[in-house]
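Residue numbers (UniProt numbering), protein chains in the order written: chain A, 1 to 338; chain B, 1 to 338; chain C, 1 to 338; chain D, 1 to 338; chain E, 1 to 338; chain F, 1 to 338.
Please note that a few of the clues may not be correct.
Copies of the same chain look alike in the list, so a pair counts if it works inside one copy or between any two.
With a cut-off of at most 20 Å between alpha-carbon atoms, the simulated SDA-like pairs for lysine to any residue come out as follows [claimed, not checked]:
1) 178 with 204
2) 178 with 84
3) 178 with 207
4) 178 with 338
Think of the hints as simulated: they come from the structure by calculation, not from any bench. Just so you know, these numbers come straight off a predicted model, no measurement behind them.
The primary structure of each chain is shown beneath.
Number of protein chains: 6
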Amino acid sequence: MSGRVVCFGELLLRLGAPGRQRLLQSPQFEVHVGGAEANVAVSLARFGHEAAMVSVVPDSPLGDAARGELRRHGVDTRAILTGAGRMGLYFLETGAIQRPSRVLYDRAGSAFALAGAAPYDWPALLAGASWLHLSGVTPALGERGAEAAIVAARAARDAGVRVCFDGNFRASLWQESKCNPAPILHTLMSLADLAFADHRDIAVVLGAKASGASSDDTVAAARLAFEAFPNLQRLACTRREQRDVDHHLLSASLFHRDGGVLHTAPRELHGIVDRIGAGDAFAAGFLHGLLDGMSDEDSLSFALAAASLKHSVPGDFNLVSAQDVNDLIAGGGFHVRR
Amino acid sequence: MSGRVVCFGELLLRLGAPGRQRLLQSPQFEVHVGGAEANVAVSLARFGHEAAMVSVVPDSPLGDAARGELRRHGVDTRAILTGAGRMGLYFLETGAIQRPSRVLYDRAGSAFALAGAAPYDWPALLAGASWLHLSGVTPALGERGAEAAIVAARAARDAGVRVCFDGNFRASLWQESKCNPAPILHTLMSLADLAFADHRDIAVVLGAKASGASSDDTVAAARLAFEAFPNLQRLACTRREQRDVDHHLLSASLFHRDGGVLHTAPRELHGIVDRIGAGDAFAAGFLHGLLDGMSDEDSLSFALAAASLKHSVPGDFNLVSAQDVNDLIAGGGFHVRR
Amino acid sequence: MSGRVVCFGELLLRLGAPGRQRLLQSPQFEVHVGGAEANVAVSLARFGHEAAMVSVVPDSPLGDAARGELRRHGVDTRAILTGAGRMGLYFLETGAIQRPSRVLYDRAGSAFALAGAAPYDWPALLAGASWLHLSGVTPALGERGAEAAIVAARAARDAGVRVCFDGNFRASLWQESKCNPAPILHTLMSLADLAFADHRDIAVVLGAKASGASSDDTVAAARLAFEAFPNLQRLACTRREQRDVDHHLLSASLFHRDGGVLHTAPRELHGIVDRIGAGDAFAAGFLHGLLDGMSDEDSLSFALAAASLKHSVPGDFNLVSAQDVNDLIAGGGFHVRR
Amino acid sequence: MSGRVVCFGELLLRLGAPGRQRLLQSPQFEVHVGGAEANVAVSLARFGHEAAMVSVVPDSPLGDAARGELRRHGVDTRAILTGAGRMGLYFLETGAIQRPSRVLYDRAGSAFALAGAAPYDWPALLAGASWLHLSGVTPALGERGAEAAIVAARAARDAGVRVCFDGNFRASLWQESKCNPAPILHTLMSLADLAFADHRDIAVVLGAKASGASSDDTVAAARLAFEAFPNLQRLACTRREQRDVDHHLLSASLFHRDGGVLHTAPRELHGIVDRIGAGDAFAAGFLHGLLDGMSDEDSLSFALAAASLKHSVPGDFNLVSAQDVNDLIAGGGFHVRR
Amino acid sequence: MSGRVVCFGELLLRLGAPGRQRLLQSPQFEVHVGGAEANVAVSLARFGHEAAMVSVVPDSPLGDAARGELRRHGVDTRAILTGAGRMGLYFLETGAIQRPSRVLYDRAGSAFALAGAAPYDWPALLAGASWLHLSGVTPALGERGAEAAIVAARAARDAGVRVCFDGNFRASLWQESKCNPAPILHTLMSLADLAFADHRDIAVVLGAKASGASSDDTVAAARLAFEAFPNLQRLACTRREQRDVDHHLLSASLFHRDGGVLHTAPRELHGIVDRIGAGDAFAAGFLHGLLDGMSDEDSLSFALAAASLKHSVPGDFNLVSAQDVNDLIAGGGFHVRR
Amino acid sequence: MSGRVVCFGELLLRLGAPGRQRLLQSPQFEVHVGGAEANVAVSLARFGHEAAMVSVVPDSPLGDAARGELRRHGVDTRAILTGAGRMGLYFLETGAIQRPSRVLYDRAGSAFALAGAAPYDWPALLAGASWLHLSGVTPALGERGAEAAIVAARAARDAGVRVCFDGNFRASLWQESKCNPAPILHTLMSLADLAFADHRDIAVVLGAKASGASSDDTVAAARLAFEAFPNLQRLACTRREQRDVDHHLLSASLFHRDGGVLHTAPRELHGIVDRIGAGDAFAAGFLHGLLDGMSDEDSLSFALAAASLKHSVPGDFNLVSAQDVNDLIAGGGFHVRR
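This is chain A alone, in the form it adopts within the complex (with noise of 0.2 Å):
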């Protein structure tokens, strides 16, 4: 395999209500661990790659299971520091039918929030990295996150370090954290080689028309990107169609700067057991086709297929190996593996 991955982001636990139930229903919480980047680095690790951690947890059981929970996947956590504030935590209901998954988050305070840009030795951190992933769940904890954000990317470029940025947009984060989230964002994206987001991410980034009605939206708006962001070289995306809570059609999308465009077919997903992470597992098997030397078809299929998998399996990570992927690409089929 080939090049280190350095994901910068913060750790969370998952609380959530067994099965079916709505929170607090019976006296239970399922914990998981995640967080978006965390998310993506241990995928990276089960496909086979260097994949390290850059974090603050609190100095506590709390913060110490999640680095455990890490480790133990394969992720290198040795630059998961510690530091003032708390664990941050959100609670996951899981919905069914026509009743939505509802997430609860509650992350104000957080040993990763507080930490802001300081506690980071970027140029040691990056020696040897081929990658520095991060989303924008980070700049949407605030001043202090987007500082944080911000100062990474900077420092991966400076290092020639190729950036991978995840817009990972909720405007719900953003509105408590009283940023504007265009400027940090095109700061961002113009600091990105890779970037995973969709007409509507672009919009907010740059203030574009894209509805979104019609495919057509989405390879403009992506035209309209590679103009604004010169070191960018490719977009993608996923589009996910829901016929209900459980049933999702789930297809994905590729942008080159040079003019390349690639569409999916749609994958159709009944039965959904867990949904959160498959934006991570499709950044991740997209990584993992760059870092392998895939053709962008190919890493295009790795990604959504590894996407795929992730709704098939319970928590934030996505638990398969890259032969897991390859196995559903290669149409092998649902029979019982013996």
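Following the hints, complete the assembly by docking chains B, C, D, E and F onto the known chain A.
Below, chains B, C, D, E and F without anything else, positioned relative to chain A:
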């Protein structure tokens, strides 16, 4: 909001096999509190109404637990009395695919059934109420149950409290009761302002020849009902087309004394989590509409959406808010709410 | 009822990850008892027949538990002996959507495999029996397994007990065994009155060129089988079309020596709970038909319905009654049974 | 081994709160099968004896499960009939420290209680038996229970089968039954060869003035019993000194018609896991000694050790082997067995 | 019964590791609702008193669940308001043998702490109350908490409602609050009629030199307290001798302004299930005595027995009835209650 | 900290019955990862040392899970190789009161046992290490295990890495191995600088006549060991007095080549949660002392306290920190840590 609703009926403990196991396949029961009228009370309380339960439970940890669970969900439980006898139970095995769910009733000798009509001071219990809700489950307990239901309904009419009656016709229960359902149900229907019953239920009461083969029969049955029961203002029912145990199409109809007829489009429910209590969720949803002064059309739409959501919630209670229901009606989509 | 059925094969403990988790994602195993022939024995016992299991388990709490579980479900376990060696295990990860289920066998050195043909007093064991049931899993254990199976089948023919053989061909098991399956399976098929095998299994045995592309191939393969095996009266098989891991179409075919060919319509199975043991449920269902003197058509219909129900029951055993199966065939619908 | 033991009594499902929770503190029950006489049957089967259960259960999944559980543990269940009525239940809350455990019986209207003496063909059921075991729980069900017990005991005496009677005197059950226990128990004691009863039980039967303040009273009470009941050969009982809910001292005494008196030293039981069924474990242990031709001293020692081990096993059944008991008597120590 | 008690303080969710596991050793939390004053409210409600909770929780499923749980146990929750901020949490790891239990607070930024004194209309809230109960946990939240507590206590005195104050002094919480506890606690003690505090707590408030080496110091400290706080009528405390994590000796003392001093004998508690909330159980038990007009001696005895029983109940709430407590005091013994 | 410790031995999965149930009493296993040397590695990692595991596991989800679990707890797992063969398992039934715990090994044919001495490049593996830790469990696997252990220990001596050997003598394992333990253990002891062994273990190796009746025998045995093994510097052991299964007194002794003898006072352990791995916790604790340059007395005290804490932690690993151990030694008491 508006108007207190008094619900009268038996509280039951549901003892269910976990997941899709057969009864006692593994040595565990998951416990829920239920009962047709209690389900309505909980729904109404969660929709923001003042809902009170009138019942009798044994003076035991089981009776206490049932009462506590209703109180937890906001129902006024001061009129749940204690009396001699057992706690009513039912055992549930949730089926799957082509294996139907099974309910095994174990309610003979329950405190509620033994109590009959005696313990209730209806004028006091109905003070300030706008509706009394009861169902055909109570008279199906036998002579004492029938008397208790009729006494309650008469007291309501005397007190100017409107009566809502859900037929809930179950042949097997009536058979056990050794009573003839027709005259008893006739009396109760004659006291009701609002009834939940379809053409088959009406046929039981009126001996009419409704075959159910077409929707016209339903309309005809409704017409017969309005003729027979001059107090009756509205008649509502659901229609369930079952593709398999986990996949249903649910639609609803409303008939008004003034001749108005409304039929909804069906809602398709795939991957059903728990269908027990869906009829009660429908009744509560429709009452919510009336209490809030909605149009009949909006009330019916709300009731159907509420009933649909019930299929996604484990247990007998429809643990959703009016906001949850309105979101579904508004077509908010199935994405994760953050 | 009618006629004792003796089932001969290995008992296994299944250690499964809970829900749709990956193996050891969380630190728990759910345990079921299984084994192809034991599954048939349990099914037959629940259909009301006298079913006896012949096997060897270790003299340990694990062997005791396996035997006790069969006894619990009504199987005569007096001929389950103890012997040196381990308890055979298998680990199961239940897949979802597009992630296939996985089975990890851990049966090397099992007490059953080590025992070979020696411990069984077949004339005594077969006294009063009408059928001996065995499967291709036993000879796939290696030379000793093959000898044990052939000795048993010969003893049955000598005693005038009909032989039912389920091919259960699994390439990976045979590969491990380092035996050539063709001559061994040929011998066993030649002793069988009834066999469960499709055109691919027959191709393994006869080297025939059945491609499976069309139903004609199946018919042709069956004709070849009846020519090669003069004792064989009936040949049955299922056909499974897998839309995804949780959604299959299951149909069945029956071939009679007299040239009769029956094909069922497919049953559509959405939201599959547990497909392990469905083939054994089919075999038991068909035997039930023969034991009860049903027509071939009714037997096949019963077998398919039984196999379909198995997909709704967790574990290896098809914990349904003949009544459950007949209700499904009769089209009783999917409403809750009260 | 030696001699078939027929046990006659009611099967019950125990629904217990998990851990040390109060009843329905969390919405779950752990289920065990029990019943005083069934507990004896399971113990004897696990000690290697032929033990048969005679009872009536409802023809329902609950009755099937109870029967299956006995079969799992090696009891001959062919004489467990089905009949009209409910499954007998009891709810258990396991106490701790200074909070006593609580049992809430829910057995009114059970199939066993309704059946009375009618369904049993005692001459056939007792064929080949050396002992009939029954207990005071059955007559405490009321007149029909009393008749059933007396008919069974008389049939045994007529058939030359020895009768073992465990008083199991529980004032609350008798109170509910509205029967006078004295004459009924008198009749049953007069038919018994072996009885389990202490001076308080004897006082109930004989109206004697045993105060229990000293061991002399026990001896005196035993003397009175042998005078009153000429068939009685042996009388055994345990004595339990309860330091708190989880810490007891258990000792045992045996009285022989020939005047022999044996008292054991107490066994100290700290950190009790489950004390339900300890008396039944004692009875089964003593019967085991008699069946195996042990001396009275060895039988008593075995019975006490068996009862002591029961306190370490969750559920009503004493899931230990004779080897487990003998190891404890032999002083094998408490190290891990590997 | 007699007199409404208003409890004022924060509601918390307790997230506990199952059994004796370390925090997140396995990925699960068991959830209980707690909070020092809420524990008192639940206890009083279960003892049959009218108990109302005044608090602020977030308008979220977590806040709803906490409120619902109090309502379930009979507390009047109409005065639990909603406000901006998080739900207060704490994580619990239950120790064993020589490994102490650990509590990790996560309540910074809670809705209750942010609310300060503003939201409460005390004259209305205290109408009809006989007692206001609050504790030192609230002022330890910081300046706003201190103000809220003092405002409440003053309002009670103004309204002629007696004030009960439980010191609940925890150095670590006060350290975080960056407030000086002495003057704040001084103010609160000066408003109290009844206080729960030992000589160490009094030393914190008064700077007295109580060393705790002998019981005389306690007496001396009490004398100083009565001198300093002329409103104070009674002072009570428990004394806990810890042999190991699971084995304590618990005794209690009461000091009366008129000079009366009562010391109980210790209760020995082996095999402790859950000690959290024992102090609150003691406070509620003593209040129960006062409300029921018991003598001081009986009140103290009741309070100690209630606190002892708490050690046997999982969770923060003392889920016992007055009857349970009285049975223990009466020496009813530890046999199973049937 | 100081010095890398390399641990060499087999990884095992422990499949345990929940709570105090008998094996497969209910159909569930709780899974823990263990293995004598892995337990030491995890302990050392949690005490802050660099600990590496050398082993062979199958290339399967089971092998992956075991490796992941060690990584989670901070062990360097890069030298855990994969090879042909099974995953070693053991089944655990945790006893109670007077019923001993039981271990059922199922490790025949494990990848580690099959691998023998071949796969390890010891010079590379030992680079930078200060200690090699191994135990008597490895040679007890048979000839290949014995060779693997001796090759490893010799390589350590050659590389100047000190050898720590824990006898872990288990007669049943050696019996299965069909090897004579004396000469093999003699060789290993002769290579060790530090050994964990008591007089009985020494008697096995040296044929000495240590009876263990008094502590003098231990001293004499130690003297014989130092004479026989000139490399041996220190010999340590624990002594366990078992009052019952849940109540032990644990003390420890240390013998130094220079004649120094230290005996600790016993620690009393009531209500034991899990005693598996306590010996490994002791070994790790003592190594921690040596690595940190503690006095022998402090090391022994630390080791005993660490072993005592292990009894409170479920699973094989001693999931405590050095701080936890030091708190216990410092007598910090048993109050809740907040």
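Status of each hint after checking the structure:
1. Proximity of residue 178 and residue 204 under a CA criterion of 20 Å is satisfied intra-copy only: 15 Å inside one chain copy versus 42 Å between copies.
2. Taking the shortest alpha-carbon separations for residue 178 and residue 84, only the inter-copy value of 16 Å comes in at or below 20 Å, while the best intra-copy value is 23 Å.
3. In the homo-oligomer, the alpha carbons of residue 178 and residue 207 lie at most 20 Å apart inside one protomer (18 Å), although the nearest pairing across protomers, at 46 Å, exceeds that limit.
4. For a Cα distance limit of 20 Å, the shortest separation of residue 178 from residue 338 across copies, 17 Å, qualifies, whereas the shortest one inside one copy, 54 Å, does not.
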